[in-house]
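Undergrad: Next come the chains, spelled out residue by residue.
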Amino acid sequence: MTIDITRRTFLQQSSLVIGVTLLSNSFELCNVSFVRAGSELTFKPHAFLEIAKDDSIIIWMGQTNLGQGTHTGIPMIIADELDAAWKNIGVKMALAAEPFKDPLWHVQLTGGSTSIRHRWDMLRQVGATARQMLVEAAAEKWGVSAEKCTAKESKVFHPDGRSFSYGELVETAGKRKIPENSQLKDAGKYKIIGTSKQRLDIPDKVKGKTVYGIDFTLPEMCIAVVARPIAYGASPQSYNEQAAMAVKGVVKVVPIDDKIAVCAETTYAAMQGRDALNIKWSEGSHPDLNDEYLDALFVKHLEQPGAVGKESGDAEEAFAQAHKTVEESYKLPYISHAQVEPINCTAHVEKERCRLWVPTQGQTVAQMTASKITGLPPEKVEVMTTFAGGGFGLRGEPDPVVDSVILSQALGRPVKVIWSREDDFANDYFRPGSQCRIKAGLDKEGRVVAWIHKVAAPSVMSRVMPQYVEDGIDPDAISGIRDMPYSIPNQLVNYVMLQGVPIPVGWWRSVGYSVNVFTVESFIDELAHKSGKDPLQFRLEHMEKGSRPYKLLSLLAEKGAWNSPVTQGRARGVALTFCFESIVAHIAEVSVDNRGKIAVHKVICAVDCGTAVYPDAIKAQAEAGVVMGLSLAFHEEVHFDNGGVKTANYDEYPVLTMSEVPEIEVHIASNNLKAGGIGEPVLPSVAPAVSNAVFKATGVRLRELPFKTELLVSG
Amino acid sequence: MISLHVNGEVSKVDVDPDTPLLWVLRDNLGITSVKYTCGIAECGICTVLLDGEAVRSCSITVEEVVGSKILTIEGIADDHPVKIAWIEKQVPQCGYCQPGVMLQTVDFLSRVPDPSGEQINEALDDVICRCGSHPRMKQAIKLAAGMTSTAGVKS
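Quick mapping for you: the protein sequence lines, in order, are chains A and B. Per this note's numbering, the very first residue in the first sequence carries number 1; after that it's consecutive. Per this note's numbering, the very first residue in the second sequence carries number 1; after that it's consecutive.
Don't read these hints as lab results, they were simulated from the structure. Be aware that a few hints might be false.
[What the hints assert, rightly or not] Mimicking SDA-like on lysine to any residue, the simulated pairs with C-alpha atoms at most 25 Å apart in a straight line are:
id, chain 1, residue 1, chain 2, residue 2
1, B, Lys142, A, Asp204
2, A, Lys597, B, Glu122
3, A, Lys209, B, Asn28
4, A, Lys602, B, Asn121
5, B, Lys142, A, Ser196
6, B, Lys138, A, Pro615
7, B, Lys138, A, His635
8, A, Lys248, B, Asp16
9, A, Lys209, B, Ile84
10, A, Lys209, B, Gln139
11, A, Lys53, A, Pro159
12, A, Lys53, A, Ala146
13, A, Lys602, B, Lys89
14, B, Lys89, A, Gly90
15, A, Lys92, A, Pro103
16, A, Lys551, A, Asp186
17, A, Lys207, B, Leu50
18, A, Lys207, B, Lys89
19, A, Lys207, B, Gln139
20, B, Lys138, B, Glu88
21, A, Lys209, B, Glu74
22, B, Lys138, A, Pro203
23, B, Lys138, A, Glu660
24, A, Lys209, B, Ser59
25, A, Lys189, A, Ile668
These numbers come from a predicted model, not from an experiment.
Build the full structure now, drawing on both the sequences and the hints.
TA: Here it is, written out as structure tokens:
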């Protein structure tokens with residue numbers, strides 16, 4: 001099998017098949033186990049792949065390392081088709097560049113669980129094409145037909161057993177034309193895909209050698225912290241520049257619009273200098289904004305009819321015929337990314353170029369942002385992606401790029417901008433809060449015949465990609481509803497875009513699904529109980545028999561022993577997600593004491609993400625999804641007051657910790673389908689699986705996140 | 001000038017005595033494995049060992065640690081059971097919190113060499129890992145404890 005689009009990509013990039021790697025082209029991010037000879041002739045048939053004379057193979061990465069395993073998973077795919085020896089493989093982060101743009105979205109980013117699923121064919125084709133070129137190079141040297149030669153473990157073998165290592169073929173292969181058709185392996189022939197290698201970035205992380213953005217340093221570099229408005233729309237009325245300058249180490253105070261930056265020789269001096277500014281802020285644009293105000297605003301919006309996001313059949317008519325009608329409301333809070341490494345960026349603006357060292361998830365956005373500010377063409381903006389200490393979507397935002405570029409220009413020096421933890425909470429682009437009302441009709445047999453779902457929520461897409469918002473519908477805000485994995489004949493989905501608050505919202509792991517899967521999976525559970533049916537069986541009855549979600553849920557039922565009795569005093573709940581081309585389902589086993597305390601004893605997770613490229617990384621993501629999902633269920637909520645963000649630090653934004661982490665079991669469905677996403681699909685069905693189990697245990701339905709456990713206090 | 005004993009070496013730094021140890025390690029000594037995260041001793045990510053005891057470097061001044069032996073993750077041998085176990089169990093995701101968590105574990109295992117699950121929960125309950133590597137941390141701590149007891153390695 002060959003892929004035309006990949007071949008075109010190959011040709012675009014194959015003008016220089018033999019390349020000399022320039023040091024300026026790379027940023028050493030990952031000291032992997034092999035040592036490579038200095039700059040020398042290499043075989044570089046694609047931007048992703050470079051083979052040196054010493055047999056070392058570099059996989060050039062365009063995707064950000066957030067710890068998700070992609071920096072090992074992507075090399076595994078290329079190495080497998082290349083028939084490379086795994087020990088030869090090393091990874092380097094590339095400068096932001098055209099070939100690393102998402103082939104479907106045409107920007108370089110790490111988000112949407114796309115790293116592999118959008119490059120599934122491309123990555124395999126890169127390996128297969130290079131392998132074919134190496135085989136042909138060996139055949140040429142031996143004067144035999146390429147068909148008679150075979151490749152294995154970074155060597156090409158002659159029929160008589162002689163061999164050349166890939167390194168020995170670099171020069172000959174580099175002179176060959178890119179072949180027309182390269183055969184991809186059948187899944188049964190994979191040697192590396194489907195195995196669990198040791199993640200290449202882990203040893204450095206354990207030794208403390210990994211350089212994150214916040215650790216990056218340059219000679220002559222200044223460190224800056226930026227005072228930002230304490231309420232939305234506020235601006236500084238007065239501040240004490242002299243006091244800031246009097247702090248030892250402070251270099252300069254620079255106002256940027258409604259912000260004031262303090263640049264210093266050390267981070268601590270910059271922070272002290274900022275405190276010394278003693279800024280008096282104006283009241284801001286929305287002084288009444290607080291939690292109660294927001295809640296009332298959502299309720300008011302939910303009263304409006306809303307735009308139609310999906311309409312199938314005739315829901316109103318179906319209700320008239322329904323045997324039973326159920327209607328409930330749900331409520332979810334704004335939540336913060338709370339990634340551990342604070343937002344930061346280092347910029348060095350020079351006359352002819354601008355360089356950025358930034359733990360970004362959005363290289364193209366960073367590049368365009370710096371280009372716009374400096375007036376330099378985008379190709380003169382070098383974006384070097386550092387390791388990132390978490391991200392979960394926030395690192396796609398260019399805010400730290402803006403400040404660091406402006407400050408580097410102002411100072412004529414490299415500047416690293418660091419947000420404090422308080423800056424991070426106050427200036428987050430939050431996962432939107434949401435309220436919804438759902439009404440369903442059941443027929444006499446207990447089948448769902450009608451579903452009306454109205455959501456009131458702010459729109460992320462209106463800010464970041466307004467071109468996809470049509471007729472008042474932000475497709476993300478109703479994701480998980482419009483595409484729920486159940487067949488319901490009559491559906492109406494309405495969306496009311498929340499207006500009137502200045503709270504910025506952005507992408508957060510699993511985006512709209514993190515909201516709507518909770519409501520859909522809770523409500524389908526309510527309907528199952530109203531129908532007197534087993535909740536898992538009820539879900540299966542509303543799916544196409546034999547479909548992927550049907551099979552996955554059946555697998556989970558088997559692995560989670562759904563039909564066998566549960567330990568005395570405990571109850572089980574189930575929930576399902578289908579997003580980013582993968583299906584994930586959870587069974588939670590809980591008990592609830594009479595003070596309303598929920599104990600989650602065990603969570604069983606089943607995953608169908610197509611071909612399981614790197615099972616241990618999938619398992620790690622699934623475990624992490626349970627932890628973060630429980631964190632949302634029990635703790636996470638951003639508070640607002642006095643027209644701004646009230647939540648300031650982790651003491652006011654607790655996240656799940658060790659004693660709350662249950663036993664977690666992960667089962668991966670094996671198949672040979674296209675690889676789907678994993679980072680995001682593992683999250684959304686955790687919270688509803690738990691609340692569904694709580695209902696089973698107590699008869700009380702938790703319709704709000706985080707859970708209001710006072711509802712569970714009995715006796 | 002203040003003298004600091006870090007990872008077996010003595011360094012002199014010219015800083016105010018009330019500067020948090022965290023910033024002196026990072027900005028003056030270039031030991032960036034010690035991470036800034038919350039600045040209020042809430043998350044445990046900036047943890048270092050002070051005479052073998054885990055402390056939060058964001059909330060202790062450089063003056064308070066004069067005369068003490070400071071260890072950061074670089075000061076723990078690569079063949080230490082905690083480091084071996086962390087790799088064996090493939091614990092880190094983003095990895096940002098792990099040096100602090102590992103150091104807290106080194107301290108914990110030196111006091112409780114054969115911990116129960118409950119003791120692990122209690123000892124590591126005040127550190128934050130946003131990626132959710134907790135299940136693997138737990139496994140790695142058990143593995144490291146086993147290695148320590150069988151090989152007689154001292155942390």
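Undergrad: Taking the hints in turn, state whether each one holds.
TA: Quick rundown of the hints versus the structure:
This hinted pair checks out: Lys142(B) and Asp204(A) have alpha carbons roughly 22 Å apart, not beyond 25 Å. Our distance criterion of 25 Å between C-alpha atoms is met by Lys597(A) and Glu122(B), whose separation comes to about 18 Å. This hinted pair checks out: Lys209(A) and Asn28(B) have alpha carbons roughly 17 Å apart, not beyond 25 Å. The straight-line distance between the Cα atoms of Lys602(A) and Asn121(B) is roughly 15 Å, inside the 25 Å bound, and the hint therefore holds.
For the suggested pair Lys142(B) and Ser196(A), the alpha carbons sit about 22 Å apart, so the restraint of at most 25 Å is met. Distance check on the hinted pair: Lys138(B) and Pro615(A) sit about 20 Å apart at the alpha-carbon level, within 25 Å; holds. Using a Cα cut-off of 25 Å, the hinted pair Lys138(B) and His635(A) holds, with the two alpha carbons roughly 22 Å apart. Distance check on the hinted pair: Lys248(A) and Asp16(B) sit about 9 Å apart at the alpha-carbon level, within 25 Å; holds.
Between the alpha carbons of Lys209(A) and Ile84(B) the distance comes to roughly 15 Å, so the proposed pair stays at or under 25 Å and holds. Taken as a hint, the Lys209(A) and Gln139(B) pair is honoured in the structure, with Cα atoms around 23 Å apart against an allowance of 25 Å. A C-alpha spacing of about 23 Å is found between Lys53(A) and Pro159(A), which places the hinted pair at or below 25 Å, so the restraint holds. The straight-line distance between the Cα atoms of Lys53(A) and Ala146(A) is roughly 21 Å, inside the 25 Å bound, and the hint therefore holds.
This hinted pair checks out: Lys602(A) and Lys89(B) have alpha carbons roughly 20 Å apart, not beyond 25 Å. Of the pairs offered as hints, the one joining Lys89(B) and Gly90(A) holds, with about 21 Å between alpha carbons and a cut-off of 25 Å not exceeded. Taken as a hint, the Lys92(A) and Pro103(A) pair is honoured in the structure, with Cα atoms around 20 Å apart against an allowance of 25 Å. Restraint check for Lys551(A) and Asp186(A): the C-alpha separation of about 23 Å stays at or below 25 Å, so the hint holds.
A hinted pair counts as satisfied when its Cα atoms are at most 25 Å apart, and Lys207(A) with Leu50(B) qualifies at roughly 19 Å. Using a Cα cut-off of 25 Å, the hinted pair Lys207(A) and Lys89(B) holds, with the two alpha carbons roughly 15 Å apart. Proposed proximity of Lys207(A) and Gln139(B) is supported: the alpha carbons are some 19 Å apart, at most 25 Å. Under the criterion of a C-alpha separation no larger than 25 Å, the hint pairing Lys138(B) with Glu88(B) is consistent with the structure, at around 13 Å.
Restraint check for Lys209(A) and Glu74(B): satisfied, since their Cα atoms lie roughly 8 Å apart, inside the 25 Å limit. Straight-line distance between C-alpha atoms of Lys138(B) and Pro203(A) comes to about 18 Å, which keeps the hinted pair within the 25 Å bound. The hinted pair formed by Lys138(B) and Glu660(A) meets the criterion: a straight-line CA distance of about 12 Å does not exceed 25 Å. Between Lys209(A) and Ser59(B), the direct Cα distance comes to roughly 24 Å. Compliance with the 25 Å bound is thereby established for this hinted pair.
Of the pairs offered as hints, the one joining Lys189(A) and Ile668(A) holds, with about 20 Å between alpha carbons and a cut-off of 25 Å not exceeded.
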